[in-house]
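Asks: This is what each chain is made of:
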Amino acid sequence: MSAPSKPVPLTTVESTETSDSGAQTLTLSVGPQHSGSGHMRLIVEVDGDIIVNVAPDPGYVHRGIEKIIELRNIIKSIPVIERPSIIDASNLNHAWVRSIEEIQGVEVPRRGQYLRTLLNEMNRIMSHLYWLSIYGVFLGHTTMFMWPLGDRELFIDLAEKLTGARITYSYLVPGGVRRDLPPGFAEEAVKRTEYFEKRLKEYDRIFFNNPLFTSRAKGIGVLSKEKAIELGCTGPTLRGSGVDADLRKDEPYAAYSELEFEVSTRPDGDSFSRAMVHMDEMRESCKMIRQIVKKIPAGPIRRKAPIVLPRGVAYGRVESARGECSFYLIGEGGDKPYRARYITGSYRNMAAIPAVLLGNRLADMPTAWWSIDYWPVEADR
Amino acid sequence: MSLSHEREDDLVQKLKEAFSNDIKETNIIRRGRLEVTVAPEKIKEVAVFLRDKLGFDHPNGVSAVDYNRENRFEIVYHISSMRTKDMRDLVLDLKESVPRNAPKVGSLVSVWSGVENYERESFEMFGIQFDGHPRLEKLFLTDNWDGPPPLRKDIRFPTD
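First to last, the protein sequences are chains V and A.
In this text, residue positions in the first sequence follow this note's numbering: the first is 1, and each later residue adds one.
In this text, residue positions in the second sequence follow this note's numbering: the first is 1, and each later residue adds one.
Just so you know, the hints here were simulated from the structure itself, not pulled from any lab data.
Keep in mind the model is a prediction, meaning the values are calculated, not measured.
Heads up, some of the hints might be wrong.
[Said to hold, decoys possible] Okay, derived cross-link-like pairs now, DSS-like style, lysine-lysine, Cα gap no bigger than 25 Å in a straight line: (1) A:153 to V:76; (2) V:336 to V:161; (3) V:67 to A:95; (4) V:336 to A:153; (5) A:53 to A:95; (6) A:16 to A:42; (7) A:85 to A:104; (8) A:53 to A:42; (9) A:53 to V:227; (10) A:42 to A:85; (11) V:295 to V:198; (12) A:16 to A:85; (13) V:225 to A:16; (14) V:336 to A:95; (15) A:53 to A:24; (16) V:249 to A:85; (17) A:42 to A:104; (18) V:76 to V:198; (19) A:138 to V:225; (20) A:153 to V:67; (21) V:67 to A:53; (22) V:218 to V:201; (23) V:227 to A:16; (24) V:227 to V:201; (25) V:227 to A:24; (26) A:53 to A:14; (27) V:249 to V:76; (28) A:44 to V:67.
[To be verified] Cβ pair distances, simulated, as ranges: (29) A:145 to V:166: 34 to 40 Å; (30) V:304 to A:27: 38 to 44 Å; (31) A:104 to V:166: 24 to 30 Å; (32) A:9 to V:362: 32 to 38 Å; (33) V:362 to A:14: 30 to 36 Å; (34) V:157 to A:41: 33 to 39 Å; (35) V:218 to A:27: 44 to 50 Å; (36) A:22 to V:267: 48 to 54 Å; (37) V:244 to A:14: 42 to 48 Å.
[Unchecked claim] Partial selection, computed: residues in chain A whose CB lies under 10 Å from chain V: (38) 14; (39) 60; (40) 61.
Glycine included, C-beta positions come from ideal geometry on N, C-alpha and C.
Could you build all of it, start to finish, from the sequences and the hints given here?
Replies: In structure tokens, the structure reads:
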């Protein structure tokens, strides 16, 4: 069976059409070359410079990961699970091991839970910083491209001390984590998060309180609360539309029930709101990292977990940097899953792209689109 | 966290009262995870009931599963509620089965518009037809792909 195929445009401007009202519209192909981060195309129809129609065209970085993990041992799949979003690797890894543990009935020791939470929160900061630097590029603000990428090294170094790897950690395994805290980690983490919080104030001064940014982001790309819920949006995109949904609070996993933090929401649903949710979350993550290194309990970091997946079904999900990342996992007793459905935050937020772009000017497209933090590789899997 | 299943039992009860003949099976996996299997021809009515009467307004995703040994596909709608704050830890799996040789079901895009992309993916990866879908075209696969739906169980990798 073959599906009807999409037309492949040969030029940037696909076609011009005349609408019923007599206005002439132009269809543009935005992408699929690297327009910021990751390959994806948006087919945009404009009337003058007003966007009247948008069709996302993903799939340029589709790797068939669901099929790959069906054919591999559940442990061997961990590195490939992380690949869709290497800047947020440990959160995706967490969703995977959480669903496995749910079927296996394995309890993770408390120290292991704390270490998982620690790396997850460091990863959230790293991911948001990457998003912010690309946002700087999109808005032509070179300083905001350089600073977050530079400050991201603070946490990359910390993660390297903890896991041995800079970006893709494969740190979480069924039953716990791979390595314990290295000596001197707590002091280093406190020092770095405190320094980073000072830097965030400078970010506010140079970018977020800058008319150059606010005048281009406030009121642009509005996504209403009702629409965000109906489209199944998640993460900062949903919270930027005024819904205080966060799995870390709503379905507390790992050590989140023992930590104090606020869920950041903004009522307006515009690009500025979504950007500010990201900023708030970085501050909260810093607070959480300091709490974790202070109150992490002693004990084992890992419990022995079987290498097979018993018969059973689980829907394991975590709050990754881009929202809910979930696995619908079906085990049938072997060492491979029968089916592993992989749904990521970017994939879910793809539905919001047309909603935030319609009715805006073409020049506002970068501001509105990238405020969703859509990561094409994570969406395509 | 409480481990009681009262909330889930209550939902099952309400569904069974409204659709006594059409709910084929219900299963509470654990607290916050509930499976409901319905007849394909009634899924839209059940979905509208879930959305309007029980507050399930938020689609989390759609999974298709190929049970080739039983000669059927299973389509699973994962849905949750944002409206009711104390139900946010609950995911309801609304399931339906279709025969593998005639995989045709009704689309639920008119109930939850957010399932559009997931249904498209199930169409291209499993070859399941969704009646009433506004844009049933390939989503991730390349334009010139004319092979079989690649996520079906009988499609093997050359290295297998």
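Asks: Now tell me if each hint is right for this structure.
Replies: Against the structure, the hints:
Under the criterion of a C-alpha separation no larger than 25 Å, the hint pairing residue 153 (chain A) with residue 76 (chain V) is consistent with the structure, at around 20 Å. Distance hint between residue 336 (chain V) and residue 161 (chain V) is unfulfilled; the C-alpha atoms sit about 32 Å from each other, more than 25 Å. Proximity of residue 67 (chain V) to residue 95 (chain A) is assessed by CA-CA distance (about 21 Å); at most 25 Å being required, the pair is judged to hold. At roughly 13 Å between alpha-carbon atoms, residue 336 (chain V) and residue 153 (chain A) fall within 25 Å of each other, so this suggested pair holds.
For the suggested pair residue 53 (chain A) and residue 95 (chain A), the alpha carbons sit about 19 Å apart, so the restraint of at most 25 Å is met. With a CA separation close to 13 Å, the supplied pair residue 16 (chain A) and residue 42 (chain A) stays within the 25 Å bound. Of the supplied pair hints, the one linking residue 85 (chain A) and residue 104 (chain A) is violated, its CA atoms being roughly 35 Å apart against a limit of 25 Å. For the hint linking residue 53 (chain A) to residue 42 (chain A), the alpha-carbon distance of about 16 Å falls within 25 Å, and the restraint holds.
For the hint linking residue 53 (chain A) to residue 227 (chain V), the alpha-carbon distance of about 19 Å falls within 25 Å, and the restraint holds. Only pairs whose Cα atoms come within 25 Å are accepted, and residue 42 (chain A) paired with residue 85 (chain A) is rejected, the gap being roughly 28 Å. A C-alpha spacing of about 24 Å is found between residue 295 (chain V) and residue 198 (chain V), which places the hinted pair at or below 25 Å, so the restraint holds. For the suggested pair residue 16 (chain A) and residue 85 (chain A), the alpha carbons sit about 24 Å apart, so the restraint of at most 25 Å is met.
Simply put, residue 225 (chain V) and residue 16 (chain A) have alpha-carbon atoms about 31 Å apart, too far for the 25 Å limit, and the pair is violated. The hinted pair formed by residue 336 (chain V) and residue 95 (chain A) meets the criterion: a straight-line CA distance of about 23 Å does not exceed 25 Å. Simply put, residue 53 (chain A) and residue 24 (chain A) have alpha-carbon atoms about 20 Å apart, close enough for the 25 Å limit, and the pair holds. Taking the CA atoms of residue 249 (chain V) and residue 85 (chain A), the gap is about 11 Å. The hint holds against a cut of 25 Å.
Our distance criterion of 25 Å between C-alpha atoms is met by residue 42 (chain A) and residue 104 (chain A), whose separation comes to about 14 Å. The straight-line distance between the Cα atoms of residue 76 (chain V) and residue 198 (chain V) is roughly 40 Å, outside the 25 Å bound, and the hint therefore fails. A distance of roughly 29 Å separates the Cα atoms of residue 138 (chain A) and residue 225 (chain V); the hinted pair therefore is violated under the 25 Å criterion. Using a Cα cut-off of 25 Å, the hinted pair residue 153 (chain A) and residue 67 (chain V) holds, with the two alpha carbons roughly 9 Å apart.
Distance hint between residue 67 (chain V) and residue 53 (chain A) is unfulfilled; the C-alpha atoms sit about 37 Å from each other, more than 25 Å. Note on residue 218 (chain V) and residue 201 (chain V): the hinted pairing holds, with a Cα-Cα distance of about 20 Å set against a maximum of 25 Å. A C-alpha spacing of about 30 Å is found between residue 227 (chain V) and residue 16 (chain A), which places the hinted pair above 25 Å, so the restraint is violated. Taken as a hint, the residue 227 (chain V) and residue 201 (chain V) pair is broken in the structure, with Cα atoms around 33 Å apart against an allowance of 25 Å.
Simply put, residue 227 (chain V) and residue 24 (chain A) have alpha-carbon atoms about 32 Å apart, too far for the 25 Å limit, and the pair is violated. The straight-line distance between the Cα atoms of residue 53 (chain A) and residue 14 (chain A) is roughly 10 Å, inside the 25 Å bound, and the hint therefore holds. For the proposed pair residue 249 (chain V) and residue 76 (chain V), the alpha carbon gap of about 31 Å is over 25 Å, so the pair is violated. Only pairs whose Cα atoms come within 25 Å are accepted, and residue 44 (chain A) paired with residue 67 (chain V) is rejected, the gap being roughly 29 Å.
Hint check: residue 145 (chain A) to residue 166 (chain V), Cβ distance near 36 Å, so the stated range 34 to 40 Å holds. The hint said 38 to 44 Å for the Cβ distance between residue 304 (chain V) and residue 27 (chain A), and at roughly 29 Å that hint is violated. For the pair residue 104 (chain A) and residue 166 (chain V), the beta carbons lie near 49 Å from each other, so the given range of 24 to 30 Å is not met. Taken as a hint, the range 32 to 38 Å is violated for the pair residue 9 (chain A) and residue 362 (chain V), whose Cβ atoms sit roughly 53 Å apart.
As the Cβ distance of residue 362 (chain V) to residue 14 (chain A) is approximately 48 Å, the hint placing it in 30 to 36 Å is violated. A hinted range of 33 to 39 Å is violated for the C-beta pair residue 157 (chain V) and residue 41 (chain A), which are about 58 Å apart. At about 48 Å, the CB distance of residue 218 (chain V) to residue 27 (chain A) agrees with the hint of 44 to 50 Å. For residue 22 (chain A) and residue 267 (chain V), the Cβ-Cβ distance of about 40 Å falls outside the hinted range of 48 to 54 Å, so the restraint is violated.
Our hint of 42 to 48 Å for residue 244 (chain V) and residue 14 (chain A) is violated, since their Cβ atoms are close to 26 Å apart. For the restraint placing residue 14 (chain A) at the interface with chain V, the shortest Cβ-Cβ distance is roughly 21 Å, beyond the 10 Å limit, so the hint is violated. Checking residue 60 (chain A) against chain V by beta carbon gives a least distance of about 6 Å; that is within 10 Å, so the hint holds. Checking residue 61 (chain A) against chain V: minimum C-beta separation of about 4 Å stays under 10 Å; hint holds.
Hint compliance for this structure: hints 2, 7, 10, 13, 18, 19, 21, 23, 24, 25, 27, 28, 30, 31, 32, 33, 34, 36, 37 and 38 are broken, all remaining hints hold.
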